[in-house]
Structures are given as structure tokens and as C-alpha cells.
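Chemist: So the chains spell out like this:
Number of protein chains: 2
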Amino acid sequence: MKVMVVGLGLIGGSILKALKGTGYEVYGYDINDEVLDTCFEQGLIVSKLAILTEMDIVMVCLYPDAAIEYINMNQDSFKSGAIITDVAGLKVSVMSQLRLERDDITFIGGHPMAGKEGCGFEASSKDIFINANYLLVHEQANDVQVEILKDLIYTLNCGHIQVLDAESHDEIIAYTSHMPHILSTTFMTCDRFEETRHCIAGSFRDMTRVSDINAELWTELILENKMPVLDEIKRFKKALDAFEQYIVEEDNYAVTKFLGQARLKKRAL
Amino acid sequence: MKVMVVGLGLIGGSILKALKGTGYEVYGYDINDEVLDTCFEQGLIVSKLAILTEMDIVMVCLYPDAAIEYINMNQDSFKSGAIITDVAGLKVSVMSQLRLERDDITFIGGHPMAGKEGCGFEASSKDIFINANYLLVHEQANDVQVEILKDLIYTLNCGHIQVLDAESHDEIIAYTSHMPHILSTTFMTCDRFEETRHCIAGSFRDMTRVSDINAELWTELILENKMPVLDEIKRFKKALDAFEQYIVEEDNYAVTKFLGQARLKKRAL
Numbered sequence: 001m002k003v004m005v006v007g008l009g010l011i012g013g014s015i016l017k018a019l020k021g022t023g024y025e026v027y028g029y030d031i032n033d034e035v036l037d038t039c040f041e042q043g044l045i046v047s048k049l050a051i052l053t054e055m056d057i058v059m060v061c062l063y064p065d066a067a068i069e070y071i072n073m074n075q076d077s078f079k080s081g082a083i084i085t086d087v088a089g090l091k092v093s094v095m096s097q098l099r100l101e102r103d104d105i106t107f108i109g110g111h112p113m114a115g116k117e118g119c120g121f122e123a124s125s126k127d128i129f130i131n132a133n134y135l136l137v138h139e140q141a142n143d144v145q146v147e148i149l150k151d152l153i154y155t156l157n158c159g160h161i162q163v164l165d166a167e168s169h170d171e172i173i174a175y176t177s178h179m180p181h182i183l184s185t186t187f188m189t190c191d192r193f194e195e196t197r198h199c200i201a202g203s204f205r206d207m208t209r210v211s212d213i214n215a216e217l218w219t220e221l222i223l224e225n226k227m228p229v230l231d232e233i234k235r236f237k238k239a240l241d242a243f244e245q246y247i248v249e250e251d252n253y254a255v256t257k258f259l260g261q262a263r264l265k266k267r268a269l
Numbered sequence: 001m002k003v004m005v006v007g008l009g010l011i012g013g014s015i016l017k018a019l020k021g022t023g024y025e026v027y028g029y030d031i032n033d034e035v036l037d038t039c040f041e042q043g044l045i046v047s048k049l050a051i052l053t054e055m056d057i058v059m060v061c062l063y064p065d066a067a068i069e070y071i072n073m074n075q076d077s078f079k080s081g082a083i084i085t086d087v088a089g090l091k092v093s094v095m096s097q098l099r100l101e102r103d104d105i106t107f108i109g110g111h112p113m114a115g116k117e118g119c120g121f122e123a124s125s126k127d128i129f130i131n132a133n134y135l136l137v138h139e140q141a142n143d144v145q146v147e148i149l150k151d152l153i154y155t156l157n158c159g160h161i162q163v164l165d166a167e168s169h170d171e172i173i174a175y176t177s178h179m180p181h182i183l184s185t186t187f188m189t190c191d192r193f194e195e196t197r198h199c200i201a202g203s204f205r206d207m208t209r210v211s212d213i214n215a216e217l218w219t220e221l222i223l224e225n226k227m228p229v230l231d232e233i234k235r236f237k238k239a240l241d242a243f244e245q246y247i248v249e250e251d252n253y254a255v256t257k258f259l260g261q262a263r264l265k266k267r268a269l
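Going down the list, the protein sequences come from chains A and B. Going by the numbering used here, the first residue of the first sequence is number 1, and it counts up by one from there. Going by the numbering used here, the first residue of the second sequence is number 1, and it counts up by one from there.
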């Protein structure tokens, strides 16, 4: 099976590395020739020349807008029966902007919940996928095509694949991914003590880890997912208001019950 | 120098283990005889018999109320010149309840910002102090006494000792420790998706790690520090309201600036 990875940055490069020696016939493409040279020298791709019309699976690992453009522009060149996938962190906007006019190719949205500090091919590592969650979003793919892509994803060493529709995906991600970043950065901006750095332990470090954020990228992600994010902020504020009121009233029982519920939910995960 | 550790749970036990082989003459006390036997067998204490009147430093590693009672009840038995310290996570209430009537003994409040999952002597480990912050709170201790206690604390392998007054301690801790627990548990209670566990990555894991909380202990800590905690919640809500408004208005510039400020503050730490 011939796989082509388009865009060999952190995610694309990591996919190449994770697929090395697994039996897939892997090709790559990047606008940076040096990266392609490196991949060939490291045996990550079988050739620097990739013929799109021969590829069974095309993984487009570009930023959302570039991915949409690549897929729409190249659709006439895909092999009949090909599976096309992306790695964008939001799905409603990507899916709605795709203009696929061929019935014999299938787009299945992908969202690897994997990453690490740094960016670009230099930062890529096959380890980022170990036990990671991988989300798939599709409308009319048949089971065989989904299974082919799933096989590839499990080959990366991902731990679980969750299939969702685009709307559910973006709503859930607003909670599981966007909110941790929003709460962490908001909490970090509240710092006003000279002594903070000498008065912290693990809870503070955990809470603020993602505050060292790519501000431009996350502005785009948050604003692109505006309504689900605002919905989650509203829910959070409501819960925090309730907790605050228990403290104001010194309601020992209610505070303990609230914290106990959080513990139960955490443990249930 | 003779050191006595009273209460050999997670913190007390860890102190004994960290002091092993460091030159201090260490004694311990616990209401559980078996723990004391174990400590003696492991060479953590020089004798199971400890004469309070001979101890140069007494570290009371009990829960706050028990620590206050122990110190007040035993004050006539402390050696002249002895340094007494505790490990309570809040200082205003502890300091205000101490009834020390002797001028020849010194109380210096202590707060090791170290811990781990589990509790009791079985969970104790010398490693919890490595590079940890340790806070000291005192009113009228002289420099020599503070230095003696600092030497002991650095011997535990702590990374930094910060001296504060009781009010500042409790205010800063409301931000650096109580708020991460409040935000984490509040966020966890907002979960309502079946799919959450399969749609998370590192940011969610970091954000919710401390949600597996000792609900009774933290109810006490939060309510005991009511006013500083409410002040921090108010500040956080104000910041979150502002961020929310930027999103409502789709104010790209303001969102990026907000996230950028968080990144700067995080990096400054």
C-alpha cells in the first residue's frame, strides 16, 4: 500500500518516522527540498519522487487553510479509490470548505491528539503517537476505507481511535483541548506576586504548563471554534459561581461534595 | 544537633528518610508503635525513646489542629533555646492559635511545598523534597535560629526557602496552590461527554491531574483560607470575563495579546 505524507513538519515528520520499517511504501512531499533530502537519506521515504495518481492514502499534514487548498486543487490527480485525510484540529470548517466533486475518492478527517514542544521536521518523533488518541471524522466513507485508515493509525502506535461527526468533534474539543488552554492562560495572567516562583508545587506547574502557548495558532483555533468555546466558558463560569457561593456560605458539606464529584469524574476516566 | 520529628506520616516519614546519614541525631514519635519500630529497624532514628527536653529542633508533622495542640500542651517540656516548627499548609490560623508563653523557645512556621500521591509512612520518600520550595513564616525568630532551620531544610535537598509573614503566605498560597485545585476540580465537574476519555491529550491530563483530590482535607484548607481564596476567584473571573468578551467580539488582536501575556508570564517564571 502506497502512502504519501504531504507536509513534513512536526506531525508529518513524526508519521514518516513511525511508519519506518512497518511495510507501508511511504512517500513524502515538502516545499523544503532539504527536508525531503533528509527523509530520503534516513530511509523514511522510498523515493523523492512521488506520483500522486498512484497513492492509496494521502495524509495532508498542512495547516488547515493550506490543507483545504491542497486537497481541492489536486483532486483530479488522486488515484481512483484513494483515501485522503488531514490532521487539522478543527473539523466543521475544514469539512465545509472541501469541494470534492469525485465519487471515487474518500475524505476522512483526522485529528491526532499528539504533539510536543517545538515545530518543524527537526522536532518530529515517532514517540508522540504512543498511546495517543486519534479522532476520525467522516460523512460517507464506507467501512472498508475507514478500516484501512485505522490500520495505518494503529501502526503509528496510537492507543485509541474515536470516530465522530464534525460538529461533535468540535464541541468535545472545545472542552477537552481549548478549555485547558483558556483556563491555564487566564490563570497565568492573574499572577501578581513577586514570590510566586518560590511558592509553587506540582499543582501550579501542571495548571500552567500549556501557558507557554503559540498565541497566533491558538487565537485562530479558539476564534474558529467560537460558539462551542463560548458554550464551555459559560458552563465553567456557572460551575465556578456555584463553588464560590459554597465558600461564601462556608458550606462545608457542599464544598466536600463538589470536590468529591470532581474526584469521581476524574477517577472514572 | 538533636532533631525530633513528631508524626511519621507522608511528610514526617519523608523528613526522616531525607535526614538519614546526614549527621543529624534524629528521633521520631508516632502514635503508631509499628511505624516507630520500622523507623528504628531502618536506621532512621537513633532510639525509640526520645526525651523532648533534649531536642534542639522539634518538627511537628501533624495535621494543623493536632500540631497546635501538641505544641501548646508540651511547651513546658521543650529544651531552652529549642526551635519548634510545623508543616501546616496555612499559617494565619496556626500562628494565631499558638499560645507560647516562654521566651526561650522559638516557633518558626514551615510549609514544605512537596507531596505525592498516597498518605502515611508507607508513602513517604526522601525524593519528595528534591528541588522543592519550602516556605518559612516567623515573627520574632532571630537570624541564628532561622539559619539553623534553613540548614536542616537544605539538607533535605529542598531547592529554595522563602521567608514570608503569615498573611502574605496565605494570600500567595491561595493563588499558587488553592486556585489550581479549585480550577482543576471545577473544570472536571463540567465533563458531560461520553467520548471525553478518548478525546484528550496532554493539556487535559495536566489540567485535571489534581482533581483526584482529598476532598475533606481540601475543604478544610479552602474554607480556612476563605477571604484570600474568594479574592483570587474574583480576580480569575474578571480575567476570564475579559477573555470571553474578546472571543464574543472576535477580537483577533486582543485574544493574541492575552495569550501572549500569559506566555510571557509563564516564561518569566
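No lab work stands behind these hints, which were simulated from the structure alone. Just so we're clear, the structure is a prediction, and the values are computed from it rather than from any experiment. We put the beta carbon where it would ideally sit given N, CA and C, even for glycine. There could be a bad hint or two in this list.
Just so you have them, the derived chain A footprint on chain B, three or more residues with Cβ under 8 Å [said to hold, decoys possible]:
id : region
1  : 139-147
2  : 214-225
Listed below are several chain B residues computed to face chain A (Cβ distance under 10 Å; list not exhaustive) [stated by the list, open to error]:
id : residue
3  : Lys48
4  : Tyr70
5  : Asn72
6  : Met73
7  : Ser77
8  : Leu98
9  : Arg99
10 : Ala114
11 : Lys116
12 : Leu183
13 : Gly202
14 : Ile233
15 : Ala262
Chemist: Could you work out which earlier hints the structure fails to respect and list their numbers in ascending sequence?
Modeler: 1, 3, 4, 5, 6, 7, 8, 9
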